[in-house]
Amino acid sequence: MTTAPRTLYQKIWDAHVVDQRDDGTCLIYIDRHIVHEVTSPQAFESLRAAGRPVRRPDLTLAVPDHNLPTTARRDANGNRVPIADPQSAQQLDMLEKNAPSFGIRYIGDADPEQGIVHVVGPEQGFSLPGATIVCGDSHTACNGGLGALAFGIGTSEVEHVLATQTLLLKQSKTFEVRVEGTLGAGVTPKDVILHVIGVIGTAGGTGYVIEYTGNVFREMSVEGRLTVSNMSIEGGARAGLVAPDETTFAYVKGRPYAPKGADWDKAVAWWKSLATDEGATYDKSVFIRAEDIQPTVTWGTSPEDTSGIGGVVPAPEDFADASKRDAVKHSLDYMGLTPGTKLTDVEVQNVFIGSCTNSRIEDIRAAAEVLKGRHKADNVKWAIVVPGSGLVKAQAEAEGLDRIIIDAGLEWREPGCSACLAMNPDKVPAGERCASTSNRNFTGRQGPGARTHLMSPAMAAAAAVTGKLTDVRDLAPMTEPA
Amino acid sequence: MQAINHVAGKAIPFGRKNVDTDVIIPAHWLKTITRTGLGKGAFESIKLEDGNVFTDERWAGAPILIAGDNFGCGSSREHAAWALLDMGVTCVIAPSFSDIFSGNAFKNGILTVALPQEAIDRLMEVAQDETIDIDLDTQSVTTPFQDRFTFEIDPFRKHCLLNGLDEVGLTMAQGETISTYEGKARETLSFLASPVLAA
Ligand code: SF4
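Which chain is which? The protein sequence lines are A and B, in order. Quick note on our numbering: the first sequence kicks off at 3 and runs consecutively. Quick note on our numbering: the second sequence kicks off at -4 and runs consecutively.
Since the hints were derived computationally from the structure, they do not count as laboratory data. A quick note: this is a predicted structure, and the numbers were derived from the prediction, not measured. Accuracy of the hints is not assured; some may be wrong.
Straight-line Cα separation of at most 25 Å, DSS-like style, residue types lysine-lysine; simulated pairs [unchecked claim]:
| # | chain 1 | residue 1 | chain 2 | residue 2 |
| --- | --- | --- | --- | --- |
| 1 | A | K268 | B | K26 |
| 2 | A | K99 | B | K26 |
| 3 | A | K172 | B | K5 |
| 4 | A | K344 | A | K470 |
| 5 | B | K179 | A | K274 |
| 6 | A | K344 | A | K326 |
| 7 | A | K172 | B | K12 |
| 8 | B | K26 | A | K429 |
| 9 | B | K5 | B | K153 |
| 10 | A | K268 | A | K255 |
| 11 | B | K12 | A | K326 |
| 12 | A | K470 | A | K374 |
| 13 | B | K179 | A | K262 |
Stretch-level coverage of chain B by chain A, calculated; a stretch enters the list once three of its residues show a Cβ under 8 Å from a Cβ in chain A [stated by the list, open to error]:
| # | region |
| --- | --- |
| 14 | 34 to 44 |
| 15 | 78 to 84 |
The C-beta atom is built at its ideal place from N, Cα and C for all residues, glycine as well.
Using the sequences and the accompanying hints, generate a full structural model.
Quick look at the structure:
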């Protein structure tokens, strides 16, 4: 193995090469595979047809999330509440049957550990620093916040991993996104990543794996790093990484599937060795000053359509690139926005706090802090808070956050993907706006005709309270400063 | 995966450019649990057009599809390849294909043949009444009128298609190499590589 200085990405890659072909394609070992109901049925079908077993069921975990309604899943007698959409019901049913028949551990729809795949992995200690982690879902990049090389795969690749525990891959280029300085009050990890995507664009990371460096990420909690890495895919990159450090180790230690005893010490020693070496080079780098980042929202239908909350809706002419001008015109049409409108004048009818980007306990706490003692505005018709897992839900309830949320007039739901994508009953009506903590503002993502504004949990909570996009810093403090 | 060497028969003279995966199989068909049965949803919106080639009896069950430039652009859904297979199509001829689509087609044993537009125009004409013949071994497309067009294909893909080798099967054949890695990793990276879950 080379002794030249290496990046975090190269070190993880090197540790997982099973075989190398002449054209540079490598057979890469996959340490952890998480399976959900949408992208797995056809993979299991093919394995069954070919009589192939799952090579390492012990490294595979199955969890349903995308199709599950976020309303009660058991009635008062403990019987399953039927799922209205027959196709959703069928996908869920297939996973529940396929997992045990291939010897894979399955977390059920009403188990306390159930949740969104990318929340469950880190929470269970199934996702680990330095590991290669895949799932048939592009936001697998989320796990990169732990310093794991994690990315989404297609159904054929799901089958390939199930059968062989490997993938054929070509090495990506590396992209350093460095953010240094001091984040202002009210500026959260979500604002950081939205700002980053606004700077690099949705194609900025295409062909690259991003490593997030600088004091801002070093000082960030693991949950914040997961939020950041989650949206690497919106920046075009297949994966994101934050180097594992003491904060990471403290987060991982003691989780159900985390290494224990002597294995733990060995793991920490290896994880410490993964940080990018002095003198290693990235294929490209961008440097961002933390002071330039404001609480950020999106105004268009691409995640790169971001602005500080103090800004106005831009005009197509503001953009130099002709195809972008065209895209902005379509975006504004779809979003029903007029150039020059102050963002804080844009009214919202729906609020969604949840998704694998922002549904961990810190996110729920941030939303509750804003909602405490306040009430949602009358023009906000539908406002839901959806915890990322049953364990997040239980923790929030133990802290009394559910009461704050319900008292503020918002709904407190069961864990799942919910209104992040229109695949289950939680949808935003056509033509209506939603202040959303999810990751994609694409046309129709939250329902046909739905208009999505991406933002942080605190900002979404502020929008619920005022009924408009709002600078959370402008809300008068409700609680005594500690 | 079915080995492919020779595809001969009727060819659907579609010819349209920039056909995206939404046209091949609309999003509302994605909530399926099998690869089969998607043929019904294939080209759903086009089947509503008068005089379309997909509901025309003359090309029912044809194994070949002739399309225009940039076939299969748009989302990465593998359902597009599954829908074609379910229609009975095992070979698509077009001037160019989107990368993701041709990868997905290959993974599912569909031969994609890229030919210049003039050749496509000629084949569209022939396909009205006659059959078309594709031979992978000699990389050629022929017609009963003595037309002969040759095409390029990645040697690895050709080998896999000719022998019906799918990537999963190929990698499984490397089982020992994988076991060697696992053995080594179990020592050095025991915390990652050891069994962690029991069903
Ligand atoms: S919450 Fe949204 S982005 Fe995350 S896994 Fe679910 S659908 Fe995908």
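(request) Quick one: which hint numbers does this structure break? Sort them smallest to largest. (result) Hints 1, 3, 7, 14, 15 are the ones this structure does not satisfy, whereas the remaining hints hold.
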